[in-house]
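Peer 1: We have chain V already, so just place chain Y on it with the hints.
Respectively, the protein sequence lines represent chains V and Y.
Here our numbering is used: the first residue of the first sequence is 1, the next is one more, and so on.
Here our numbering is used: the first residue of the second sequence is 1, the next is one more, and so on.
Hints were generated in silico from the structure; no laboratory data involved.
Glycine included, every Cβ here is placed at the ideal spot set by N, Cα and C.
Hints may be right or wrong, so weigh each one.
Unchecked claim - Some chain Y residues close to chain V (C-beta under 8 Å, calculated; not the full set):
#1 40
#2 48
#3 49
#4 50
#5 52
#6 92
#7 96
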Amino acid sequence: MKFVYVAFAMLLVVGACSEKKKLPILGNRAAVERLIDCKLQIDTLYATVADFSLSNQDGKTITQETVKGKIYIADFFFASCPTICPIMKKQMIRVFEKYKGDTGILFLSHTIDPEHDTIALLKDYATRLGSDGTQWMFLTGEREQIYELAEKGYYATAMPDSLEPGGYVHSGGFILVDGQRRVRGIYNGTDEKEVDQLMLDMDLLKNEQ
Amino acid sequence: MRSLTFLCLLFLFSCSDSELVDLKNISHGAELYKNYCSNCHQMDGSGLAQLIPPLYQSDYLTENAGALPCIIKNGLKGKIRVGSNSYTLAMPAVRNLSRDDVKDICVYVLQKFPKTPIVIADSVLKNTHKNCP
Numbered sequence: 001m002k003f004v005y006v007a008f009a010m011l012l013v014v015g016a017c018s019e020k021k022k023l024p025i026l027g028n029r030a031a032v033e034r035l036i037d038c039k040l041q042i043d044t045l046y047a048t049v050a051d052f053s054l055s056n057q058d059g060k061t062i063t064q065e066t067v068k069g070k071i072y073i074a075d076f077f078f079a080s081c082p083t084i085c086p087i088m089k090k091q092m093i094r095v096f097e098k099y100k101g102d103t104g105i106l107f108l109s110h111t112i113d114p115e116h117d118t119i120a121l122l123k124d125y126a127t128r129l130g131s132d133g134t135q136w137m138f139l140t141g142e143r144e145q146i147y148e149l150a151e152k153g154y155y156a157t158a159m160p161d162s163l164e165p166g167g168y169v170h171s172g173g174f175i176l177v178d179g180q181r182r183v184r185g186i187y188n189g190t191d192e193k194e195v196d197q198l199m200l201d202m203d204l205l206k207n208e209q
Numbered sequence: 001m002r003s004l005t006f007l008c009l010l011f012l013f014s015c016s017d018s019e020l021v022d023l024k025n026i027s028h029g030a031e032l033y034k035n036y037c038s039n040c041h042q043m044d045g046s047g048l049a050q051l052i053p054p055l056y057q058s059d060y061l062t063e064n065a066g067a068l069p070c071i072i073k074n075g076l077k078g079k080i081r082v083g084s085n086s087y088t089l090a091m092p093a094v095r096n097l098s099r100d101d102v103k104d105i106c107v108y109v110l111q112k113f114p115k116t117p118i119v120i121a122d123s124v125l126k127n128t129h130k131n132c133p
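One chain only, chain V, in its complex shape (with noise of 0.2 Å):
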């Protein structure tokens, strides 16, 4: 009798760990004060991925209120890239299918060679990728702008020691934000188990939100 005591208790801290497990939040944060109920508290501030204005494949602006309230992942490429890109997207496709439909979580696909790729061949590209370009979509804009975005939104939130200035856009990462513009976490999307891994992590973030 003793022993089923024992194997509830041990049940039930199971139980409490794994649904409090969270995903971590990436990036640099600071600690303000303000003023809550008339009392001074300290609060959290988070980094976020900075505002943006970009085009999609239809010419359509995207920008962060496109995002708000919504999970997405962001990932870099070029359409003429022989090297990681098309494993990349073969992994993407998987999550794409996995998700396809779901109005919380957005696929944003950001070039990184924008005077190769218009708006009409990313158009093409969504196509032959099976995205009708409404929950998956493939952005362009200023140069800088995306490389902006890439190093000190998305990787350099998450990296914030990184000494390398546009390194990690070619690192074939798949970026998880949540609905309030925060990574949480980065996977490397050239490796189906990492992908897998994102998957698991969507659905926990799913829950959370």
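Peer 2: Only chain Y this time, still in chain V's reference frame:
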């Protein structure tokens, strides 16, 4: 009787010898395929959606097997049809490959991906490679 044994032995050796060479070529071709081709065409030859054509059981590959060395050497531009899909993305030329490298990739690809393996004579492979446009 002795001569018959000798003949048998000779046959056995010649056979395993050519198979050995073949295996060596195929494994070398597989290594090169992994480095130069699999990023786009994938290890299993499945390609990428409707962007990059598959090699696995591709009718285009079967019909154009003889042109494969030149396609690897020079790349491929323009629209092609594979199965019921058409593909337009240009394939870049694969540089820094020796004639034997290209040959081994061809041997591997034509063994692995068509419905029935395709064998192309060495002479054809080498000639085609030499005469690529």
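Peer 1: Decide, hint by hint, whether the structure agrees.
Peer 2: Against the structure, the hints come out as follows:
1. With 8 Å as the threshold, the beta carbon of residue 40 of chain Y comes within range of chain V, its nearest partner Cβ sitting at about 5 Å, so the hint holds.
2. A hinted interface residue such as residue 48 of chain Y counts as satisfied when its beta carbon comes closer than 8 Å to some beta carbon of chain V; here the least separation is about 5 Å, so the hint holds.
3. For residue 49 of chain Y, the suggested interface contact is upheld, since its CB lies about 5 Å from the closest CB of chain V, less than 8 Å.
4. With a least beta-carbon distance of about 4 Å to chain V, the hint placing residue 50 of chain Y at the interface is held under the 8 Å criterion.
5. A cut of 8 Å between beta carbons decides the hint on residue 52 of chain Y: the least distance to chain V is about 6 Å, and the hint holds.
6. Below 8 Å, beta-carbon pairs count as interface contacts, and residue 92 of chain Y has one with chain V at about 5 Å; its hint therefore holds.
7. Proximity of residue 96 of chain Y to chain V is violated relative to the hint, the smallest CB-CB distance being about 14 Å (cut-off 8 Å).
Of the hints listed earlier, the one the structure fails to meet is number 7.
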